[in-house]
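Participant: Here is what each chain is made of, one letter per residue.
Number of protein chains: 2
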Amino acid sequence: MYPDALKDLIASFQLLPGIGEKTAERLAFYMVNIDEEKAEFFSNSIVNAKKNLHKCPICSNITDKDICNICADETRDKSILCIVEDCKYIVMFEKIGTYKGLYHVLDNLISPLDGINPEDIGIDKLVKRIEKSKFKEVIIAVKPSIEGETTSLYIKKILEGLNIKVTRIASGIPLGADIEYIDAMTLERALLDRKEIE
Amino acid sequence: MYPDALKDLIASFQLLPGIGEKTAERLAFYMVNIDEEKAEFFSNSIVNAKKNLHKCPICSNITDKDICNICADETRDKSILCIVEDCKYIVMFEKIGTYKGLYHVLDNLISPLDGINPEDIGIDKLVKRIEKSKFKEVIIAVKPSIEGETTSLYIKKILEGLNIKVTRIASGIPLGADIEYIDAMTLERALLDRKEIE
Numbered sequence: 001m002y003p004d005a006l007k008d009l010i011a012s013f014q015l016l017p018g019i020g021e022k023t024a025e026r027l028a029f030y031m032v033n034i035d036e037e038k039a040e041f042f043s044n045s046i047v048n049a050k051k052n053l054h055k056c057p058i059c060s061n062i063t064d065k066d067i068c069n070i071c072a073d074e075t076r077d078k079s080i081l082c083i084v085e086d087c088k089y090i091v092m093f094e095k096i097g098t099y100k101g102l103y104h105v106l107d108n109l110i111s112p113l114d115g116i117n118p119e120d121i122g123i124d125k126l127v128k129r130i131e132k133s134k135f136k137e138v139i140i141a142v143k144p145s146i147e148g149e150t151t152s153l154y155i156k157k158i159l160e161g162l163n164i165k166v167t168r169i170a171s172g173i174p175l176g177a178d179i180e181y182i183d184a185m186t187l188e189r190a191l192l193d194r195k196e197i198e
Numbered sequence: 001m002y003p004d005a006l007k008d009l010i011a012s013f014q015l016l017p018g019i020g021e022k023t024a025e026r027l028a029f030y031m032v033n034i035d036e037e038k039a040e041f042f043s044n045s046i047v048n049a050k051k052n053l054h055k056c057p058i059c060s061n062i063t064d065k066d067i068c069n070i071c072a073d074e075t076r077d078k079s080i081l082c083i084v085e086d087c088k089y090i091v092m093f094e095k096i097g098t099y100k101g102l103y104h105v106l107d108n109l110i111s112p113l114d115g116i117n118p119e120d121i122g123i124d125k126l127v128k129r130i131e132k133s134k135f136k137e138v139i140i141a142v143k144p145s146i147e148g149e150t151t152s153l154y155i156k157k158i159l160e161g162l163n164i165k166v167t168r169i170a171s172g173i174p175l176g177a178d179i180e181y182i183d184a185m186t187l188e189r190a191l192l193d194r195k196e197i198e
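Chains as they are written, first to last, in our numbering: chain A, 1 to 198; chain B, 1 to 198.
Source of the hints: derived by calculation from the structure; they are not laboratory data. Be aware that a few hints might be false.
[Stated by the list, open to error] Cβ pair distances, simulated, as ranges:
{"hint": "1", "chain 1": "A", "residue 1": "G115", "chain 2": "B", "residue 2": "L153", "range": "58 to 66 Å"}
{"hint": "2", "chain 1": "B", "residue 1": "I34", "chain 2": "A", "residue 2": "A177", "range": "33 to 41 Å"}
{"hint": "3", "chain 1": "A", "residue 1": "D183", "chain 2": "B", "residue 2": "E37", "range": "38 to 46 Å"}
{"hint": "4", "chain 1": "A", "residue 1": "Y30", "chain 2": "B", "residue 2": "P57", "range": "44 to 52 Å"}
{"hint": "5", "chain 1": "B", "residue 1": "Y181", "chain 2": "A", "residue 2": "K165", "range": "57 to 65 Å"}
{"hint": "6", "chain 1": "A", "residue 1": "E119", "chain 2": "B", "residue 2": "L113", "range": "57 to 65 Å"}
Ideal Cβ positions, reconstructed from N, Cα and C, are used throughout, including at glycine.
Modelling step: build the complete structure from the supplied sequences, incorporating the hints.
Facilitator: Encoded structure:
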């Protein structure tokens with residue numbers, strides 16, 4: 001029904017996660033009507049991204065250099081490693097600006113029900129890196145879900161005997177949130193992880 | 001913080017309607033990780049769509065030909081014209097398959113509050129086409145909203161004296177819908193437009 005060029009454009013948008021047929025149609029029609037130079041920018045961005053971006057061989061962060069900016073930065077604290085599940089989180093931590101250590105991005109979180117086992121999350125690369133480095137502390141900063149907890153425990157176990165302190169970022173009630181609306185599991189964790197007021 | 005190629009890709013997705021920073025980031029990261037050939041297909045689709053697609057000079061439907069398939073189809077009924085607000089609707093009508101007349105796509109619906117006046121919806125092109133053709137009936141198939149009603153009445157008025165029957169598609173309760181959940185305006189319209197059972 002649609003011309004081929006339009007069908008291809010709709011099919012392209014449908015490649016993206018969370019975009020179904022209707023949304024793909026809407027985006028494709030929008031694209032047909034935007035300025036020539038914007039469309040060119042879009043198409044070039046895809047080509048350039050595929051050509052220039054890759055995972056940092058050390059930490060798996062996305063970079064356009066041989067080694068990512070953070071791994072290459074000699075001023076970073078090489079005794080501490082923060083493990084995240086997604087490179088987006090690195091940007092969030094860097095925005096806070098208080099963390100000066102290094103990062104490591106997992107490929108995924110362990111989820112046996114979805115068929116994601118330890119060997120699928122890039123654990124080998126992580127362990128090899130830690131064995132070769134002199135980290136004193138490894139902070140696990142993955143989301144507090146069943147998958148996150150499983151992954152945290154697995155990493156904790158696999159690093160046993162290496163004399164490294166393994167920590168995880170705190171879970172609890174978000175700042176400013178109303179306790180009334182907090183789910184039971186978060187509240188339970190907040191109670192369990194209570195800290196003495198100093 | 002992000003490499004330039006990634007920033008550009010995020011900015012590209014943000015060009016699209018309804019896609020904010022977070023979604024653009026998610027899509028960009030996804031794009032970085034998809035197969036080379038899929039990314040190439042995506043980028044080529046954009047280029048090809050911009051190169052090959054344009055509005056049909058007769059009906060404003062999107063086409064990759066000089067004149068769209070429907071306008072070029074000699075077997076279509078040239079005595080009846082269906083006016084739609086979006087070329088997507090042509091595809092929907094064609095899927096039903098019972099309508100054999102021609103179509104005309106408006107650029108927009110009249111909405112004085114948004115600064116969209118009759119001259120902005122492509123009314124000139126429509127009127128010129130109708131004056132040059134021999135339509136016996138014009139069906140207005142725009143959505144039953146204030147803008148749709150305004151546009152319908154405007155078209156009805158402007159075609160006065162041309163001896164053309166101007167109709168609009170029926171509004172009312174959708175098939176299978178529970179009357180309990182129908183809004184008052186639709187119910188009012190359904191009552192007003194009641195038909196004798198034959």
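Participant: The structure should be examined with respect to each hint, and the outcome stated for every one.
Facilitator: Against the structure, the hints come out as follows:
1. A:G115 to B:L153: 58 to 66 Å: Since the Cβ atoms of A:G115 and B:L153 sit about 59 Å apart, the hinted range of 58 to 66 Å holds.
2. B:I34 to A:A177: 33 to 41 Å: holds (36 Å)
3. A:D183 to B:E37: 38 to 46 Å: holds (43 Å)
4. A:Y30 to B:P57: 44 to 52 Å: violated (22 Å)
5. B:Y181 to A:K165: 57 to 65 Å: holds (58 Å)
6. A:E119 to B:L113: 57 to 65 Å: holds (60 Å)
The structure does not agree with numbered hint 4 stated previously, though it agrees with all others.
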